[in-house]
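Enquirer: Following the hints, put chain B in place on chain A, whose structure we already have.
Protein chains: 2
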Amino acid sequence: MLPIEVLKEITVKTPSKIVLLVIDGVGGLPVGGKTELEAAHKPHLDELARRSICGLTDPVYPGVTPGSGPGHLGLFGYDPLKYGIGRGVLEALGIGMELGAGDLVARGNYATADPKGIIVDRRAGRIPTEKNKELCELLQREIPEIEGIRVEIRPGKEHRFVVRFIGEGLDARIEDTDPQKEGRHPRPVTPTHPDASRTAEVVRAFLVKAHRVLKDYHPANAILLRGFSQLPALPSMGEIFKLTPACIATYPMYKGLARLVGMEVLEAGSTIEEEFAALRENYDRFDFFYLHVKQTDSFGEDGNFWGKVKVIEELDQYIPQLLELAPEVITVTGDHSTPALLRGHSWHPNPFILYSPNERTDDVDRFTEAACAKGALGRFPAVAAMTLMLAAALKMEKFGA
Amino acid sequence: MLPIEVLKEITVKTPSKIVLLVIDGVGGLPVGGKTELEAAHKPHLDELARRSICGLTDPVYPGVTPGSGPGHLGLFGYDPLKYGIGRGVLEALGIGMELGAGDLVARGNYATADPKGIIVDRRAGRIPTEKNKELCELLQREIPEIEGIRVEIRPGKEHRFVVRFIGEGLDARIEDTDPQKEGRHPRPVTPTHPDASRTAEVVRAFLVKAHRVLKDYHPANAILLRGFSQLPALPSMGEIFKLTPACIATYPMYKGLARLVGMEVLEAGSTIEEEFAALRENYDRFDFFYLHVKQTDSFGEDGNFWGKVKVIEELDQYIPQLLELAPEVITVTGDHSTPALLRGHSWHPNPFILYSPNERTDDVDRFTEAACAKGALGRFPAVAAMTLMLAAALKMEKFGA
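Sequence lines, in order, name chains A and B.
Take 716 as the starting number for the first sequence in this note's numbering and just add one per residue.
Take 716 as the starting number for the second sequence in this note's numbering and just add one per residue.
FYI, nobody ran anything at the bench for these hints, they're computed from the structure.
Please read all numbers here as calculations on a predicted model, not as lab measurements.
Fair warning: there could be bad hints in the mix.
Copies of the same chain look alike in the list, so a pair counts if it works inside one copy or between any two.
Here are the computed lysine-lysine pairs in the BS3-like style, where the Cα-Cα straight-line distance is at most 27 Å [unchecked claim]:
id, residue 1, residue 2
1, Lys896, Lys957
2, Lys896, Lys930
3, Lys957, Lys797
4, Lys749, Lys1089
5, Lys896, Lys728
6, Lys1113, Lys797
For reference, chain A alone in the conformation it holds in the complex (with noise of 0.2 Å):
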């Protein structure tokens, strides 16, 4: 990214708009020969694309395999590499844990522990959410702070929970005691940092209690932490780029990342119906909105092609509502792909579509990976989407005399 000195130089606040469409895990591998874009009617979209100049970016570096933190950062102009979203946080932002800055968080799992401690299932047979939510309701019950340091716990789905310290001087540089295979003790609680051997030590004690617990309890009788981490210093969106951004989302975890920018979040319900509606509503409230369309990134992940295209068809009725509000730019992306193919996130770039009367045109006229390849604004890192995006909204002067 450029640097932030420069951005808070050239970046100027105007009433121009810009939308961010962000479609989760849109790109995609072919499957019988055509990807999950290829194989969608989305006549509005292939529109949008023949106005507007195109092209494919990488999330974080050729070949790299993005979370949905570094994704997002980077494509709300944040460098993925300098920035990192620990998976403690990542998690607590997913169950819509609010957190604050000295918070210390980390990602639990309920696991199945031997006489002799020895954890014989990582996932304690992922027992069942209600099991996990009654677990961690006695948890909290049991232990509210440990040595003035206040304890939180909050399940997620089967075996998963997050649990959460908050108190004065914690300290994140903390190793993780899941062993990462069965047939082996958990690890020791270990800092990897002096400045954490207090906290390591409220963590100790915290492992001490819950296991006492939980001890009747099998085969949920042992807990293990990873991804120690507290909310990452990022500056916000609003100082850096001079933007009032809102966020449009239906799931926990993208709200709490766009928070994390400096984002307001608007109440989208459920539906992509929905979303466009509080796109419409809020419309004049702010400068730039990141809308943000999950299902194509879950049917990816469950490897069902025409699941991700049913939802690709159903957003594109809903691109002329946004052609009607006029913004000065549109862009259409991905945060990363998700083949239905590889039932997972990947590394191939993402296909990109800026519109805006500010920006020059190419021949694409289609949104598909193939098409967005061979647009005027080439292969790009995923970061420098910000900067373009602002600069076709006239929200940036000139570098330099």
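Expert: Only chain B this time, still in chain A's reference frame:
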């Protein structure tokens, strides 16, 4: 390149295999309207391009002509601007000298000095290689060591040789003694850092003795040294990429470069046929193969357009053998261009083919500079080739949560 800590974190050991076929200097410039690649009849390489995703690589930076060191380091995944290989080291590798950590090497020239010690021919009339060998044996016999530092002198071709100093505390920060122009005295041995002053004394003493030994061997009565250097500290490919890599090459320099990054150098004979036989015979023992074809570069350097074309056509016949082995990833590219028209290395980017069942394809159907320039990989730094190959071989995990 990606930071090494990131690479170490996300790369994983898997049984999948990668073959990197480097056709040295393969990129060219048109002579009579066609480049060497365009003039060659190479149906198998073109068919491979058709089934692959293609692009162009810049070895170091757009416009920069790389030597063999930077050209290869980039392809091996090491940023050539970060990891330098000194001329002395490269020459030593080129004559098959095996270096230890801390050894100091320099490239030497036999030269002609007049009675006042002024250099009148920097190459001693390009003495025959046989004469060179005799003189090196003589020097070796007369100067086995200097002040406890062991000396090794080995001939190259014509007037070229390599001198190696072996001992404790050697430091390469010494200026060349080669004055670069005739009509001047050799430059004095000058350390550029105080820590190199003891080493400079050793080199001075060596030169005094050598000139005494050579004084009656006109025209080779002087020597000039340049490129003082030591083995760079390169983390191994095993360490950062978790690969078990092998090198199949016929020239010492490329074997030496491969050893620098931790490859096992296989017996590979002297022909392309023998190289592919070595690949087949050792296929089960490694998960990464670097196969180097030298003659394209040699003919390019000679300005022999059709000689270079012929090598490409010969190589083409072995592509089906490569496909039969069915590695997860095949990459075909050059380390730099060597257009016969320019009779030397050039800055022109390299055509690049990435073949893998896990990759997208594009509509490139020929392995040529112009065709690959339209490939969906676009134009990218050669150092990114490694992460692209690892990704396509499914040897990288997700970055970030």
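Enquirer: If a hint holds in the structure, say so; if it does not, say that too.
Expert: A quick look at each hint next to the structure:
no.: 1; hint: Lys896 <-> Lys957; result: between (47 Å within a copy, 20 Å between copies)
no.: 2; hint: Lys896 <-> Lys930; result: within (21 Å within a copy, 71 Å between copies)
no.: 3; hint: Lys957 <-> Lys797; result: both (21 Å within a copy, 24 Å between copies)
no.: 4; hint: Lys749 <-> Lys1089; result: both (17 Å within a copy, 20 Å between copies)
no.: 5; hint: Lys896 <-> Lys728; result: between (52 Å within a copy, 16 Å between copies)
no.: 6; hint: Lys1113 <-> Lys797; result: both (25 Å within a copy, 16 Å between copies)
Consistency with the previously given hints is maintained throughout, with no hint failing.
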